[in-house]
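Going down the list, the sequences are from chains W, E and X.
Under our numbering, think of the first position of the first sequence as 87, with each following residue one higher.
Under our numbering, think of the first position of the second sequence as 87, with each following residue one higher.
Under our numbering, think of the first position of the third sequence as 87, with each following residue one higher.
Rather than coming from a laboratory, the hints here were simulated on the basis of the structure.
Be aware that one or more of the hints could be misleading.
It does not matter which identical chain is meant; a pair holds if it fits inside one copy or across any two.
As the list claims (entries may be wrong) - Dumping the calculated DMTMM-like pairs for lysine to aspartate or glutamate here, alpha-carbon to alpha-carbon at most 20 Å: (1) 196 to 98; (2) 272 to 106; (3) 125 to 184; (4) 196 to 174; (5) 315 to 175.
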Amino acid sequence: MSPRLRHLTTLENLPRPTVERLLDRAEQLRDACAHGTRKLDVLTGRTVLNLFFEPSTRTRTSFELAARRLGADVVNFEIGFSSTSKGEELLDTLHTLEAMHLDAIIVRHKQTGTPDQLVRHAMSGVSVINAGDGNRAHPTQGLLDALTIRQHRPDIENLTVTICGDVRHSRVARSDVHALTALGVKEIRLCGPASLMPAADELAHCHRIDDFDQAIAGADAVIMLRLQKERMETIELPDEAAYFSLYGLDQRRLALAAKGCLVMHPGPINRGIEIASDVADGAQSRILEQVANGVFVRMAVLSEVLAR
Amino acid sequence: MSPRLRHLTTLENLPRPTVERLLDRAEQLRDACAHGTRKLDVLTGRTVLNLFFEPSTRTRTSFELAARRLGADVVNFEIGFSSTSKGEELLDTLHTLEAMHLDAIIVRHKQTGTPDQLVRHAMSGVSVINAGDGNRAHPTQGLLDALTIRQHRPDIENLTVTICGDVRHSRVARSDVHALTALGVKEIRLCGPASLMPAADELAHCHRIDDFDQAIAGADAVIMLRLQKERMETIELPDEAAYFSLYGLDQRRLALAAKGCLVMHPGPINRGIEIASDVADGAQSRILEQVANGVFVRMAVLSEVLAR
Amino acid sequence: MSPRLRHLTTLENLPRPTVERLLDRAEQLRDACAHGTRKLDVLTGRTVLNLFFEPSTRTRTSFELAARRLGADVVNFEIGFSSTSKGEELLDTLHTLEAMHLDAIIVRHKQTGTPDQLVRHAMSGVSVINAGDGNRAHPTQGLLDALTIRQHRPDIENLTVTICGDVRHSRVARSDVHALTALGVKEIRLCGPASLMPAADELAHCHRIDDFDQAIAGADAVIMLRLQKERMETIELPDEAAYFSLYGLDQRRLALAAKGCLVMHPGPINRGIEIASDVADGAQSRILEQVANGVFVRMAVLSEVLAR
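For reference, chain W alone in the conformation it holds in the complex (with noise of 0.2 Å):
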């Protein structure tokens, strides 16, 4: 058996029995709720922390409510985003938390390795889990299409999965990568501007194809990425109806895919930019199944970590 995480900052290299012990786990939380439960005592008496210098109402939120569920209580530590911008300053201010003895940090940060840091600086039995760093990982998110794709279709290792968008300053791209790659998927394919690809020696193992038509032909479950519009600029695109002719999904893309193929997309979405209003809402969208999945993947993250 693989041995329990005490802390969660990245599924890169993570063993697929571990992965799947957390889908596994997942899966049991997600029927332990529809059959009535709906408040367990797991994590009774303990506390976990939300501790985001980046805004995200939504992954907050998931959080929170997986915890909750679990009997534990959360504290939100609002942090001024312009503070603890030096790097002792985000020590003490973990260090100060692990004297009050809180049980779990889950971190949000713009720069990536910010939660390894904790971990590596950590002095006491605290636990961290990492809500996203930088454009490196938000593995929660990873594990939840993970989930997704697998409850859909049991027999991840025939699938060819593609990711279109930002995958360069994606770290959900980087996460998905793992998650599914640890699973034995069949195929990955990246899609996006060029400038938006990741470096040659990054995700190498992924097929790169320019062309969404291509990219998305046969795919069995088409991940959608947000376009952040900041981005715009930089991706030499005149404006947002030339970015979705290029890489929006939409019906007439969606039905070069294999029958069935997942829709799925991290949110919040844009719709009419990366991704059709129909197709969102349609009947192969899996992006409310998503955020579904996103809670039991938290509960099952959060009683791994902090299991006794």
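Based on these hints, arrange chains E and X on the given structure of chain W.
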């Protein structure tokens, strides 16, 4: 028996038995709390989310306390007040929250009709409670005002109630009128500057009386509205003192009302603008009882809509 | 036995048995937590409200954790820091909160005396706890500092304690002096730039020593105060390095103190300004113990004022 409410967006056209059931339930809860019960477990395992697009510490706190005292968990979804301006973003937020399996959404929004929009588009069993939308409705305020009047004057059908101030822009005034009309109050009088009166065909069954001395004469309760200071320009009054002399409630005017006339205000009060300090703090003031009743009314509404 | 406190606004003139009872209770709570008790139900059903007019994530979080670990509900009343400038608005806020049946209000305000104003005007059984008012008092900080000293040096009557920095503007310094005086500490020394010393007739029983080398000589504990950087102008020092050379705590100076001298700081620390990093992180540093004791002291205070 009138059917159970699943949502509460307005009191308009609510049948009298429904309004009475909510007030009765609020009184039972008040009695339970008075006898030492500090926390009930009616809603244990349920999650209530505050979705406030307008800042409101008082109302949000009142709902938060109400939900917690029934045993529910409360999550504050702190949304940027500028974002979700577009309707589709609002609905995406709704569906995201539904996917997280919330039981109730308490919403405040500057746009009239937002809560009904949520009700129309809700796909799950979530309940929507309006905490104030535009100029239109603030139903829990209407209920708490009705409760405050009824507990002092159970002979509500014999009463004359005067509402004074910026009626045109007041959702409190509208919900008060709806609640009192449902309970069969004898007469409702509206008073305020002509430019701050509602359109002629709205609230048409109320009596409009320009002169406050006349409007308060013989009244059993007077509800003073908060003057939004940004309205001062619109109403072409030289200053606050002039407003107070025409529409402020002082001891002289209160003496024109019926003996024991209840003095009410939704708060926060502008002392010396719409109400004199000695009246606000005087023996006839019910302002703090309104606040106390607010928590019980919100407990009643939450237990109504979330009952299994 | 000294009478139970209903409020805690200052430690000034608090009888020694009361201070000792609070510290003893904090130690019992620390022991209970050390033996695995993660959550008590002493305050189940009670509601504690944080009313912070100055931002303070650390202190607010410490109070929030303390209240939750005793089983209380916590509501953060997030008030605009600009609003309620007028005294009457503050009292209207107080009465509104009282009407909502809160059990305790934890208040921080830049104006000295605000907590006492709330105590004077409270109409219900609400308890007021000062979390810092102006330059005057921060009683739970005083208690946690006293607890930290006492647990290392139970022979508190033999001790010399040096407080160094901006004493004039420090509510921490005042509450420390009050706590240590109540416990009968032998000598308290104040040190800092002349312009940052309190008025001559204040804290008159403490020894004022200009030179930090002299002030720390033989001290059993040294409490370094945080330098508010906006004070730099007032004290006519060229820069941070000059401040550090005169009033910073480094290893050389620490060697002048008594063997095992406790190094303390209320946090957050300015490394290299009032304290050298290697001292802050060194073996004699008690800074993180102070943070840990903060939660236990606040639990003790809450259980004292809210005991039935």
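Problem set entry | Which numbered hints fail | none
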